[in-house]
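Asker: Listed below are the residues making up each chain.
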Amino acid sequence: MQLITERREISSALFRFSAPIVSIAIALFVAGFLLLASGVNPLEAYREIIIESLGSMYGLSETLVKTTPLIFTGLAVSLAFRMQIWNIGAEGQIYMGAMAASGVALFSGIENHWLMMIAMFSAAFFCGGLWAGVAGFLRAKWRVNEVIVTLLMNYIAILLVDYLVYGPWKDPKGFNFPLTAQFTDAARLAEYFNTRLHSGFFLAIFCALVLYLFMERTVWGFEIKVIGSNPKAAQYAGMNTGLAIFMVLFLSGAIAGVAGFSEVAGLQHRLQHGISPGYGYTAIIIAWLANRSAIGVVIVSFLMGVLLVGGDSLQLLWQLPVAFVYAFQGLILFFLLASDFFIQYRVKLVRGGIHG
Amino acid sequence: MVEILLDATVRAGTPILFATLGAIINERAGIINLGIEGLMLIGALGGFAGTYLTGSLLTGVMAAFLCAFVAGAIHGFITVQLRGNQIVSGLALTMFGIGMTALFGKGMVGMTIEGFERIAIPGLSLLPVIGKPFFNQDWLIYFSFALVALIWLFFYRTRWGLAVRTLGENPAAADTCGVPVNLYRFLAVTIGSGIVGIGGAYLSLATTPMWIENMSAGRGWIAVALVIFASWSSPRALLGAYLFGGITAMQLRFQAMGTSVSAHILQMLPYFFTIVVLVVSTIRLQKGASQQPESLGLSYDREDRK
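Protein chains in written order, with UniProt numbering: chain A, 1 to 356; chain B, 1 to 306.
Wrong hints could be hidden among the right ones.
[Claimed, not checked] Pulled a few chain A residues facing chain B out of the computed Cβ check, cut under 8 Å: (1) S38; (2) P42; (3) I148; (4) Y163; (5) L337; (6) L349; (7) R351.
In short, the hints are calculated from the structure, not lab data.
Backbone N, C-alpha and C define an ideal beta-carbon position, used for all residues, glycine too.
Bound conformation, chain A alone:
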């Protein structure tokens, strides 16, 4: 008797559809043991996560607040994934977008609300775009590994924001906390229902819609998909792959930069230390779980929003570190990768020996 694997001729549609759900379920099961090991009853913990994030209007609004930056960054990462480009730097691009938007809000002196919003949005868009564009340029010109460049630039971006909020931009009336002065009303997005939910959320949904149409209905979207799935064919067809790589990373960074705009204009109303607790990293798993589709990104972002809001309450109740959510996300990815195997291969028990 021997276990052998053989490639399926047609990948199983049932498996492919259920893989993300099954992966999350198994990850929940395994994470349960981690919770047990830290002295927390997993069933209670999971109940707590659901109640905190979905059980009340306030909880739901908080979940949507966390979903907002995740949609932006998830879209950013999945856009680059479409071309087999890895943007692991969404975290840094959020910081750069937030920095640019805050710079405009604090120092431009614009008083008209809409003018201010457009100026802040554009600053965040270009700053995030250029930040990722550096990696795009290096990749297009010399094939420098974009994973490492985008990742290392996260550390630089976070330190740059720290430099500003601990140094030249620090609020003189802020009791020495690492934050800037509060924005004026002109530089704030609208808030709804007496909650922290702000119009950044609708901007994110709109952005998903635009990106969906861009990918499915325009020539550029088509080129991105062709270059991603078959770079040789793209070259023969006369597509400028170098320019496309730069543009895609620029656009990807720009969308992540807008997440930074939405966070400072809609939620924080100032720039401060640690404005993103890792949305840019969560974005990677969102893009992978959503299989790069814009609609999928919105759905998975919501699920991750539930997890983040729930994770916060676990921290308050049982003093679990916030980073526990990372362990859980890592587990989901592991099981998702493993399930890919069963989508493509069939495992068989064979009697006797086989001839390779």
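Once you've looked at the hints, dock chain B against the given chain A.
Answerer: Showing chain B alone in chain A's frame:
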């Protein structure tokens, strides 16, 4: 002054050196491992816990190796046996490492241990300038010197080393010659991961003898970039790691001297230089004969063999 700076260079470079060596073993066998950052944290916590519980530094180092070995086995199983995407699996390993160490390290925060003692090597440590920085150090640093030589000898002077290198270049050819591809690749990933873990242990046992959440602070990513600088060779990894040790040492020196430049700006230097070095070495690799293993990042399935 030069001696002090060189000493700080070696001490700051050693964790990165172990991590780079571990990553080289992974990539030589054809598997990209982006989990280095997570593995360093797992090694740091495993090493600290091992030493804290037993009082022995040697046990700590072995625990670090073992913990990272086991965590690396997840990456190995997914990328080798299940032929999963190596980049995503590595990123998942980093997330997993950050989360797990935060969870299980919570109880270790604030504990202290006896760190390493310096052992002067008779004769060599009396050499001018380089004597003290290189030969009046702790035994883990001497072990790193030995490891650089051992890894080089393994890859270029043994049959097994040749087999592992072939896995990175052309696994189908290795398979034809009867090399157990999956087993060797799996072992390269796990043993390489274990060595990365020792680098993490150096942080929690020597650099600052305590456990701090997320204490690797991006060193794992610097190591991933240094593999390219090192052209997948262990002696060059030593050079690269000390280069970054040197930048860190200078940055700390500047801060201690109280310059007007912000500490945040100085802390950017290692990351900035890593990017510069990565760009320069990538261009250099493309001009000369590329040292990059030909099949790096590709899964191997015998059924696909042409």
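Asker: All hints are to be evaluated individually against the structure, with a verdict given for each.
Answerer: Here is how each hint holds up against the structure:
no.: 1; hint: S38; result: holds (6 Å)
no.: 2; hint: P42; result: violated (13 Å)
no.: 3; hint: I148; result: holds (5 Å)
no.: 4; hint: Y163; result: holds (4 Å)
no.: 5; hint: L337; result: holds (4 Å)
no.: 6; hint: L349; result: violated (17 Å)
no.: 7; hint: R351; result: violated (20 Å)
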